Amino acid sequence: MSSSTSQRFTVDTVETAAATPDTEQPFTALGVKDDEYARIREILGRRPTSCELAMYSVMWSEHCSYKSSRVHLRQFGEKAPETDFLLVGPGENAGVVDVGGDLAVTFKIESHNHPSYVEPYQGAATGVGGIVRDILTMGARPIAVLDPLRFGPADAHDTHRVLPGVVGGIGGYGNSLGLPNIGGEIVFDPCYAGNPLVNALAVGVLRKSEIKLAQAHGSGNHVVLFGARTGGDGIGGASVLASATFDDGKPSKRPSVQVGDPFMEKVLIECCLEIFAEDLVVGIQDLGAAGLSCATTELAAAGLQTKGVGGMDVQLDLAPLRDASLAPEEILMSESQERMMAVVAPATLPRFREICEKWDVTATVIGAVTDTGRLRMTWHGANIVDVDPRTLAHQGPVYERPYHRPAWQDALQADTPDRLARPKTGDELRETVLRMVASPNLADKTWVVEQYDHRVRGNTVLAHGEDSGMLRLDEASGLGIALATDGNGRYTKLDPYHGAQLALAEAYRNVAATGARPLAVTDCLNFGSPEDPEVMWQFAEATRGLADGCLILGTPVTGGNVSFYNQTGESAIHPTPIVGVLGVIDDVTRRTRCAFAAEGETLLLLGETRDEFGGSEWAHVEHAHLGGLPPRVDLERERLLAEILIAGSRDGLLSAAHDLSDGGLIQAVVESALRGGHGVRLVLPEGLDSFVALFSESAGRAVVAVPRGEEQRFTELCGARGLPCARIGVVDGDAVEVEGEFAIPLTELRAAHTGTFPGLFGQ
Amino acid sequence: MARVVVDVMLKPEILDAQGQAVQRALPRLGFDGVVGVRQGKRFEVELDGPADEAALERVRAMAETLLANTVIEEFTVKAEV
Amino acid sequence: MARVVVDVMLKPEILDAQGQAVQRALPRLGFDGVVGVRQGKRFEVELDGPADEAALERVRAMAETLLANTVIEEFTVKAEV
Amino acid sequence: MAARIGVVTFPGTQDDQDALRAVARAGAQPVPLWHRDPALHAVDAVILPGGFSYGDYLRAGAIARFSPVMQAVIAGAADGLPVLGICNGFQVLCESHLLPGALLRNGGMHFVNRDVKLRVESAATRWTAHYEPGQEIVIPIKNVDGRYTAAERTLDELEAEGRVVARYLQNPNGSARDIAGIANAQGNVVGLMPHPEHAIDELTGPYPGPATDGLPFFTSILKQLVDA
Ligand SMILES: Nc1ncnc2c1ncn2[C@@H]1O[C@H](COP(=O)(O)OP(=O)(O)O)[C@@H](O)[C@H]1O
Ligand SMILES: [Mg+2]
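Chains as they are written, first to last, in my numbering: chain H, 664 to 1426; chain U, 3 to 83; chain D, 3 to 83; chain P, 3 to 230.
Same shape as in the complex, but just chain H:
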């Protein structure tokens, strides 16, 4: 078997494949298992050509086929809550929800973990580029991004290579696209040292009537490849970088990293939006993982699936190349960025070309839709691919991976934080507060977010430092959306089922705290190797917990992404499901900020505080301890808290609200005080130990500031609905004072809180 680097050279054709059944094929090197290879031969009734083998290997890879996760992801559909606003659910490039009026919003989160470890800047940049193309593909204008990140220890040498590169890449690409970055997370933990998590969430807006789907139908319609030329980028990237540990990653003469050109993508976005506005495409698909293999098969397969008839013929040699030496197999696997594929009717092709011309975007007809039911490709006349596209796109292997509860789980849960020494005196508490607010996970993140443009497009109502990012969609009506992402690997390690629900609960709470009504969910499931039954158990439990949680909260999962093999050698990362929650707010001028901005206002603590320190930031920072159980989850309570926060915001009863999570009450109070530039005097509730009151991470809580005149109305509202609500102090002075314990001037707190990142990563 030979692959062509020049057209004179003979390629492995369909005919050759039929005639030479015994030819040895390097399927193992491509990550194809023996039984999978056997199935390919069975499907085709012959051995695959080298191009077909390349396509099956990427389309059936973990990254593209979800072969290990599919049986678990099904729950998101099966347990989906009844809703009337879900326009497009999982299965498409991104989910779409109805946000009122004639507007819809599409959003999705995706991971680019492994590429970002190899080449932090380009890995993170192309991660943003990829998810933004998914949003664009739905027919939407991308309007913002968020970036949940996980790194190794903040003081580790390699973190100083990875973090600045990742942040630079996310900023460099996102800023150049004119997309505001309105939120995300930065968390450090030793478990991510050899395997950072770089997840990116993108959101877009479109008219309900203009949703685009990735489908090829209408025999005779053109298949157009447009955008950047195809180079050797990330060949095998999808299978090697995203579906296998580094240990067995094979070296390749081709660059295994993708390099992005944000300028090309920006132009491509504007070009596509003009094309959509004139309704010039039958179907459209972005080229992401598995590049042309994925785009052609998904378009052709979806066409067949929905219309019953379909098929596609492609002349692969017509694809514009950046590197003339590429073999057809490589062209099919290339992950060159900033490329799109559209199905265009002959009548509209001229106008389509005009718009591409206007934006200097190269557009090439490389094939046509057929009614043969086959995906066929030729290379200078030779038949190199002839398959049923559905066997590539939908009939990949599905694994029921074995899983079992780790033997160590009981011991881990039994090792509760109760034995850890706690601060007792006021001075000890004071010192603990100063160390906590300065610890990398809780410290001020301005050093990072200053590198992101959060203002461009002029609709950013809330961004970094607030509980959720908020965007105005409609200047006339004030209609807007809010987005927050959350995840806690330590909680999930202690209890995957409830850990996933805690991530959901926190994102949900963050959205509600700003006054928006949580609507729908996207999730990125970052786990170790699915071939490890203990990791698989974590995955099964987390997905089950998330699906059950979404059902209770009435927020369907609309799409997301799975990232497996996040481990170095044998040691997996903490199971880290990242949950993104989208909310809607009728009038963004009613939003609630988290800053304590007015002297004399009353501070109320909503929810119940229990002695809960399992997986807490305090145990992590002060004792490097991880054990016990995470905080208890009560999703009905989260629901009630959200309703109160939303009502309070809508009716103007709240002047500030801040959700309580990592670091507990004192962390939230310090953040709100510093943001508003006003101190507070706290009087902790009777009968509650000061340490527990200040640092416990009990879920379902928020601290709010209410204008004097509204205090009674608001407390009555809580009382009537049965939400615990305790007066814990007032906004006053220029220090954070806990009566009877300690007082810390804002200046001292600010120095501790803001000094950490510049100290670690330079001015």
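Simulated from the structure, these hints should not be mistaken for laboratory data.
Please read these numbers as outputs of a predicted model, since none were measured by experiment.
C-beta atoms are modelled at their ideal positions from N, C-alpha and C, and glycine is treated no differently.
Among the hints, a few may not be true.
If you want the footprint, here are the derived chain D segments under chain U, 3+ residues with CB under 8 Å [unchecked claim]: (1) 25-36; (2) 47-57; (3) 71-83.
Part of the chain P face toward chain U, derived, beta carbon under 10 Å [as the list claims (entries may be wrong)]: (4) Y56; (5) G57; (6) Y59; (7) L60; (8) A64; (9) I65; (10) F68; (11) S69.
Put chains U, D and P with the ligands on the given structure of chain H with help from the hints.
Structure of chains U, D and P with the ligands alone, referenced to chain H:
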């Protein structure tokens, strides 16, 4: 006092968006006959000692660790005469 | 087919913050004896014709108008041998 | 009839929508202009907005300078057409030699997005008439190549002729003499690194504020055009 020059260019197989942007601009400015442009970095490193082989080795090490990102870039080091 | 190289450097009197940032980083990485670093750009221009004097003139014109901003930068053009 | 203010879109421009919105807020008629179109469509003034024209490849503004629309802007500016270059627009104006000097990589090497305090040094330009000389305002910056640089001689000239339009109270990027914005000798062409179009609205402007200090840039020009 000697000067060592480090030229850093993207590996040939890596997309050079900048070089391409320049190349596209040239015809518009009336410059034809250019079939390719690659843009890279040039570092002029001043040493307090002579640019002997030992010094060049040190500069190569600098290029390897700091001046170039060897995942996507390649470099050459030469003493300036 | 010939290659012409255009080196563009900031004028000596213009503060080169990038070069200085590199220079500051070197000692931290254990590289001593570097008394100065200047960072500039290197362009590799591929011509479809030979790199004769006329061609070099054309490339000088490109550098003058596009590749360098002569308000702050100076450039050199040489055929690569 | 309301004054017509053009906002140029180059490929890679990002803040054009924001500039158009600011123009409308100020009560003028926003007119989108396209880089390939050499016609200015009878606009009374032109804004070159922020972003990354042509990817900011080679040098910020270097390639945009040669676009057809810029030939018209350069000619118009010579005849007194008011031109405001914001961020990338400022870079384009310098590359076009409508303003002296250049903008280089920030001292800290990073992109910086921050609300900064400025002092308006000159109210004698077409774009700053609605400010008081010496007035302190809050306007966001967001750029990676924002460090203003020019020959000492040029800087002295700018100072002497009162052409420094705005200065940073806390220099965020190492700009020479804390310069945030300058004008040409006639005062019709102004380049500004900070983004006044992002400080026109209580809802989206700098927090905790003041949130709308940028609006006078757009009302100033309007008043002048109406009076004219
Ligand atoms: N964790 C998840 N939760 C819900 N949907 C998921 C998840 N992971 C993947 N999906 C869905 O599976 C489909 C295929 O995912 P993917 O291959 O990442 O799409 P794309 O290649 O367009 O990014 C998408 O619709 C995605 O939303
Ligand atoms: Mg996709």
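How the hints compare with the structure:
1. Residue count for the region 25-36 of chain D with a Cβ under 8 Å from a Cβ of chain U: 6. That meets the three needed, and the coverage hint holds.
2. Check on the region 47-57 of chain D: 6 of its residues sit with their Cβ under 8 Å from a Cβ of chain U, so the three-residue criterion for coverage holds.
3. Taking a C-beta to C-beta cut-off of 8 Å, the region 71-83 of chain D contributes 0 residues in contact with chain U, too few for the three needed, and the coverage statement is violated.
4. A least Cβ separation of about 6 Å between Y56/P and chain U falls short of the 10 Å threshold, and the interface hint therefore holds.
5. About 6 Å separates the beta-carbon of G57/P from the nearest beta-carbon of chain U, less than 10 Å, and the hint is met.
6. Interface restraint check for Y59/P: the shortest CB-CB distance to chain U comes to about 4 Å, inside 10 Å, so the restraint holds.
7. This hint holds: L60/P has a C-beta 5 Å from the nearest C-beta of chain U, less than the 10 Å allowed.
8. With 10 Å as the threshold, the beta carbon of A64/P comes within range of chain U, its nearest partner Cβ sitting at about 8 Å, so the hint holds.
9. Given the 10 Å rule on beta carbons, the hint for I65/P holds: about 5 Å separates it from the nearest Cβ of chain U.
10. Given hint, F68/P at the interface with chain U, holds; its Cβ is 6 Å from that chain's nearest Cβ, closer than 10 Å.
11. Satisfaction of the interface hint for S69/P is found here, the shortest Cβ-Cβ separation to chain U being roughly 9 Å, below the 10 Å cut-off.
Checked against the numbered hints above, the structure violates only hint 3.
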